[in-house]
Every structure is written in C-alpha cells, then in structure tokens.
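K.L.:
In case you want the letters, here they are:
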Amino acid sequence: MAKIKFNQDKCKGCELCTTVCPKDIVVIDDEINTKGFHPATVSDEDECIACGFCASICPDVVIEIFK
Amino acid sequence: MEQIAGRPNALTDKEFHYCPGCTHGIVHRLVAEVIDELGVQEEAIGVAPVGCAVLAYEYFDVDMHEAAHGRAPAVATGVKRVHPDKVVFTYQGDGDFASIGTAESVHAASRGEEITAIFINNAIYGMTGGQMAPTTLEGQKTTTSPYGRDVDHAGHPIKMSEMLATLEGAAYVARVSVDSPKNIKKAKKAIKKAFEVQLAGEGFALVEVLSTCPTNWGLSPLEAIDWLQENMLPYYPLGEIKSKEEDK
Ligand SMILES: Cc1ncc(C[n+]2csc(CCOP(=O)(O)OP(=O)(O)O)c2C)c(N)n1
Ligand code: SF4
Ligand code: SF4
Ligand code: SF4
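Chains F and A, in that order, are what the protein sequence lines are.
Our numbering applies: residue 140 is where the first sequence begins, and numbers increase by one.
Our numbering applies: residue -19 is where the second sequence begins, and numbers increase by one.
One or more hints might be untrue.
Derived lysine to any residue pairs resembling SDA-like cross-links, with alpha carbons at most 20 Å apart [as the list claims (entries may be wrong)]:
#1 A:K66 x A:D41
#2 A:K162 x A:K173
#3 F:K206 x A:I(-16)
#4 F:K149 x A:P201
#5 A:K169 x F:G191
#6 A:K165 x F:T157
#7 F:K144 x A:P(-12)
#8 A:K66 x A:N(-11)
#9 F:K144 x F:S182
#10 A:K166 x F:A189
#11 F:K162 x A:K162
#12 A:K(-6) x F:Q147
Stretch by stretch, here's where chain F covers chain A in the computed footprint (C-beta under 8 Å, at least three residues) [stated by the list, open to error]:
#13 -15 to -3
#14 2 to 9
#15 152 to 165
#16 200 to 209
Label pairs and their in silico Cβ distance ranges [claimed, not checked]:
#17 A:D132 x F:K142: 53 to 59 Å
#18 F:I188 x A:E17: 22 to 28 Å
#19 F:K144 x A:E22: 27 to 33 Å
Hints are computed from structural coordinates only; laboratory data are not their basis.
The beta-carbon is built from N, C-alpha and C at its ideal position, and this holds for glycine as well.
Hey, can you work out the whole structure from these sequences and the hints?
P.N.:
Set out below in structure tokens:
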C-alpha cells in the first residue's frame, strides 16, 4: 500500500498534478492554504499506486510518496 | 517504507518564488535529483543566470555563483578551469543563453568546455514581463510583438541545440520537455547524461528544456502545457541531437 503526503502549505494550486493521475484521485481541496491557494490533495489514498506521476510534474515539490 | 518522491538533498528548504505552474521548478528538482544520484553534491558548482532563475543560488544546496546576464558559460569556464575536479553547471533562460549571451554559449561549446548547460526555452523573456525572445515562435504575441512575431521583420526562432550540435566541442546535445510525466522522465535521463559527459571529460554538454511561462503567455498553468504541446513541440523536436555512440 502506498502513502502519499501533500505538503499543502507549499502548494500553489496550479492543478498540473490533477490531470496526470492514472487513478484520477488527485483533486483540488475546498480549503485555502496559508499562501491563499486551493491546494491539491488525494480523494482516496487507498487507490494510490505510487506511480509518482503527480510528484514528477509538481513544480513546487509539494508531494512525498512512500511505498 | 521506501520514499519514491520528495525533496532531493541538493535543494535547500527554501520555497521557489516562481509563478504557480511555472515549470522552472520541475527542472530545478530534476537537476537536484541528478546531483543526488551521481553523488556530486560536494563537488557541484552552479552558475545562476539573470532571468526568472536569478535566485537559483538560493535553491540549489551546492556552491553557486551568480553571473551577469548571459555570461554564465564564461563564468563556468573560469570556475571549471580553476577547479577541473569540480562538477560545473549553468542554468539559463532563452534570453540569457540565446540572446544577450549567444557569444558566450557558442564559444564555450566551441571550445569544448567541460561544463553542463541547462537551457530553459520558454519562448519568452519571463522576468522582464514577456518580451519577444529569439526562441519566440512565428506569430506568437508578446509585449514587443503585439501582432505576433513577424519573421520578415524579426527573423525565425533560433534552434540553439541544432546550431550548437554542429560544433566539434559540443559532446552532448539534447532537447527535452517537461510537459508530461513521460517527457519529464526523459528530461531527467538527458540531464543525467549531460552531467556524466562532463564527468567523463568529453566536452560541452547542453540540455535544452522546453518549458512554460503561464504568466507571460497569459494562460493558466494547464493551458500553458497545452500551448507548449501544440506549438513548441512541432517546431522544436525532442531527442538527443548529438551523443557519442558509446553513450547511446
Ligand atoms: C545587461 C542586462 N540587459 C538586460 C537586462 C534585463 N533582463 C533581465 S532578465 C532578461 C531576460 C530574461 O529572460 P530569459 O533569459 O528567457 O529568462 P526567463 O525569465 O524567461 O526565465 C532581461 C532582458 C539585464 N538584467 N541586464
Ligand atoms: S502517485 Fe500516481 S496514483 Fe498516486 S496520487 Fe500520484 S499520480 Fe495518482
Ligand atoms: S502540481 Fe504541486 S503546486 Fe501544483 S497543484 Fe499539484 S501539488 Fe500543488
Ligand atoms: S514569469 Fe514566467 S518564467 Fe518567470 S516565474 Fe513566472 S511563469 Fe515562470
């Protein structure tokens, strides 16, 4: 099982990570972070296959993945 | 559990100042991952440009040197010649590498300086507010080509990689893109090779990275990725343009 962590306070809400997930679980949060952006998050961590795509396209190194 | 993604050691903890969705950040991370994988953090010396990446010295956790606009390959030449055992790289935009710094880029390549140049082609001057760059595409609107780049007036966009690959001293030249996970993987491979070519003492190594500037293109980050794919990829073909046979 994979573990995925979004360091949301670093996120700029660019949405690049939301279009590359093969499981379609990366979404934009309703909450607002300390920078004033809607950060990205995962809707269902159990679905994550730790492919790393979301982290690879993130320009701000927000995402940590463990497997 | 094994960590498969996160912050590389060769990046400091400082958050990037880049605009949301600006792919400069992806390329920073790739360079840092390569430095980590090659185990050269202690030996690496980076040269930062003038342009949006002017603060690169705050982000790479290696020794860094700032250069005047366009002069990074000249500064890197000096650093490498004084410290031939160090791993020296430049990180430059297209205004820096292909406009004001063209002479330095061409001659560092021609002399076969054993340095690695990371060249960000985002088809515009980002830092100064979106003026036409030598790499701006035909018809592309910028603040200094408000009706679109007119090639009869401003010439055609320069393909730096193809041009520099003709030089004897250029040992490795590749053009990559960071528009998708697949291309980002290939980009990292090319950046790694460009450092390995330096470690092997083969000559000048260049990786041109097609990149986005959502802010000055006037597009959202996702639209900017689409624009790169639709407009830049057809004009700037990806792949290794020059590589020694044994590296392939
Ligand atoms: C000698 C000199 N001339 C002009 C400038 C103004 N200037 C600053 S950055 C820049 C171009 C930046 O574009 P690019 O190199 O493509 O980098 P980007 O910001 O797009 O990453 C220019 C012309 C300067 N700082 N110094
Ligand atoms: S690692 Fe892969 S599967 Fe998991 S959230 Fe990211 S893109 Fe989706
Ligand atoms: S790619 Fe990174 S910065 Fe952009 S929304 Fe996703 S996590 Fe946030
Ligand atoms: S102006 Fe363009 S190149 Fe500069 S940080 Fe913003 S998006 Fe990136």
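K.L.:
What hint numbers does the structure not satisfy?
P.N.:
none
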